[in-house]
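Number of protein chains: 2
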Amino acid sequence: MDSPADTTPLAAFLAQVPQPEPGRRKGALHGSTVAKLRNLIVTGALAPGAKLNERELCLQLGVSRTPVREAIKTLTQDGLLRALPNKSSIVAELDVGEIEALIDVVSTIEGLAGELAAARVSDEAVAEIGMLHYRMLLHHTRDELPGYFEANKAFHRRIVELAGNPVLLWVWELLALRVDRARYSSNLWPKRWKMAIQEHEQILAALTAGDAALASQRLSEHVRNGLSGLVAALKDKAAKPDGA
Amino acid sequence: MDSPADTTPLAAFLAQVPQPEPGRRKGALHGSTVAKLRNLIVTGALAPGAKLNERELCLQLGVSRTPVREAIKTLTQDGLLRALPNKSSIVAELDVGEIEALIDVVSTIEGLAGELAAARVSDEAVAEIGMLHYRMLLHHTRDELPGYFEANKAFHRRIVELAGNPVLLWVWELLALRVDRARYSSNLWPKRWKMAIQEHEQILAALTAGDAALASQRLSEHVRNGLSGLVAALKDKAAKPDGA
DNA sequence: CGAAAAATTCTTGCATACAAGAATTCACGC
DNA sequence: GCGTGAATTCTTGTATGCAAGAATTTTTCG
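Chains A and B, in that order, are what the protein sequence lines are.
Everything in the first sequence is counted per this note's numbering, starting at 1 for the first residue and increasing by one.
Everything in the second sequence is counted per this note's numbering, starting at 1 for the first residue and increasing by one.
If you anchor each label on the Cβ, the simulated ranges turn out as follows:
(1) Pro146(A) / Gln198(B): 53 to 61 Å
(2) Arg55(B) / Asp95(A): 40 to 48 Å
(3) Gly210(A) / Gln198(B): 33 to 41 Å
(4) Arg25(B) / Thr66(A): 16 to 24 Å
(5) Glu124(B) / Ala205(A): 45 to 53 Å
Pairs of lysine-lysine, PhoX-like flavour, derived with a Cα cap of 20 Å:
(6) Lys237(B) / Lys191(B)
(7) Lys191(A) / Lys235(A)
(8) Lys153(A) / Lys194(A)
(9) Lys26(B) / Lys87(A)
(10) Lys191(A) / Lys153(A)
(11) Lys87(B) / Lys26(A)
Think of the hints as simulated: they come from the structure by calculation, not from any bench.
Glycine included, C-beta positions come from ideal geometry on N, C-alpha and C.
All chains should be modelled from the sequences, with the hints used to inform the complete structure.
If you want it as structure tokens, here you go:
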């Protein structure tokens with residue numbers, strides 16, 4: 001227990017208490033808690049099937065149960081968690097079937113985004129998306145996976161935003177959560193970097209030309225290729241349990 | 001303070017005061033609270049822009065703030081409410097722009113559903129959907145709007161289910177909430193009943209034939225027609241403020 | 001009388017207390 | 001020794017308490 005040699009027992013005790021963070025503004029806990037927890041799930045730090053103990057999460061995140069519970073509810077709605085009545089929520093399983101289901105939906109949604117975006121492109125928008133493309137290229141040459149990952153997502157997101165349809169963006173964001181989770185769970189990416197970059201170039205060209213049909217088709221195909229590869233990788237991984 | 005003739009619109013709608021219900025099972029409050037509140041919003045009992053006072057809702061729904069707050073969070077995520085920091089949440093505005101945005105997304109999603117469903121139809125499925133179609137027809141002949149409404153939704157839902165893609169169904173349900181709200185807000189339906197029924201017949205025929213491309217196109221068109229009409233009706237309504 | 005500021009009240013955001021159900025442990029009997 | 005059941009503990013579901021921020025009213029000064 002309390003060792004007599006402990007020179008500052010009070011200080012030690014206080015250090016353990018997660019400080020209220022004096023400069024904290026009210027109303028920010030829900031959002032930040034959701035973000036933290038979501039990251040844990042999407043990146044796989046919380047494995048699929050893992051039980052979420054609310055009290056434990058409170059300690060880890062330094063907040064009370066209220067924001068934690070709200071975050072759990074939110075993420076359950078997003079499909080990242082599964083709620084069991086009167087029992088701990090668990091991280092949603094990430095079965096291959098769901099990713100296969102994602103393929104059709106996401107490719108269709110992004111296809112629509114490409115179609116709408118191509119019909120509305122401006123020089124400014126092309127420049128922005130082009131910049132994101134080259135940022136991705138840069139991360140590729142430097143072998144920086146996280147940066148590549150982020151730039152890739154920004155590229156797609158910008159196109160969806162460019163479509164100018166808020167409902168489309170909303171749906172895309174919901175789907176992107178699941179896609180990200182699937183991506184993190186496989187180490188496919190290094191193999192698909194080059195191909196993905198080429199496809200992005202083609203997409204960018206179609207957008208620049210304002211060719212809606214082509215942009216739609218290429219985006220749809222691009223998404224389909226990416227997710228299909230992912231499914232294949234996961235099936236492969238499942239076949240040989242321990243990655244050698 | 002509380003005048004005896006309290007004129008809150010909620011009070012009228014929720015005359016049935018849900019008492020603590022002794023035989024209540026634990027864990028049912030969140031779901032039921034969400035459902036009740038969602039109904040109030042979708043049907044328009046809570047008008048767009050209306051402020052939600054948590055304490056008042058607690059009294060009306062007969063529960064404490066916890067489930068009410070959780071329900072508010074849930075419905076905010078569904079896009080039915082808008083959260084303002086440190087202020088009352090409000091019912092999301094139902095602007096025509098959003099419904100126009102819905103047109104592209106929902107028609108695309110249902111088009112995909114039709115395509116997938118047509119590729120998987122069984123005799124049983126055709127029979128089920130046909131039954132729903134005729135149920136709708138029945139409600140039409142009887143001039144029963146609510147029943148018609150419900151059968152219409154069931155018809156569409158069954159097709160999406162038949163597509164066999166859980167992600168697609170999930171997205172469709174989220175979108176359907178907004179579509180329903182838009183429908184309730186206009187009294188277009190009596191005018192479109194006949195047309196909608198004819199279109200359903202065409203859809204059913206395409207599904208029966210297993211023609212994926214045709215089913216997709218017809219469903220997509222059908223949704224587009226319905227929502228476009230809705231937008232027109234709302235614009236009309238906005239032009240002449242008071243419906244004569 | 002009008003407007004700005006101070007005080008009061010109201011409402012939300014977060015924390016915590018309490019109760020019901022589930023899980024675990026322990027005891028007892030066979 | 002082991003299975004079954006009672007008792008304890010643990011965990012979630014719900015209610016409530018308290019503080020920070022917003023709204024409203026009152027007060028004060030021009």
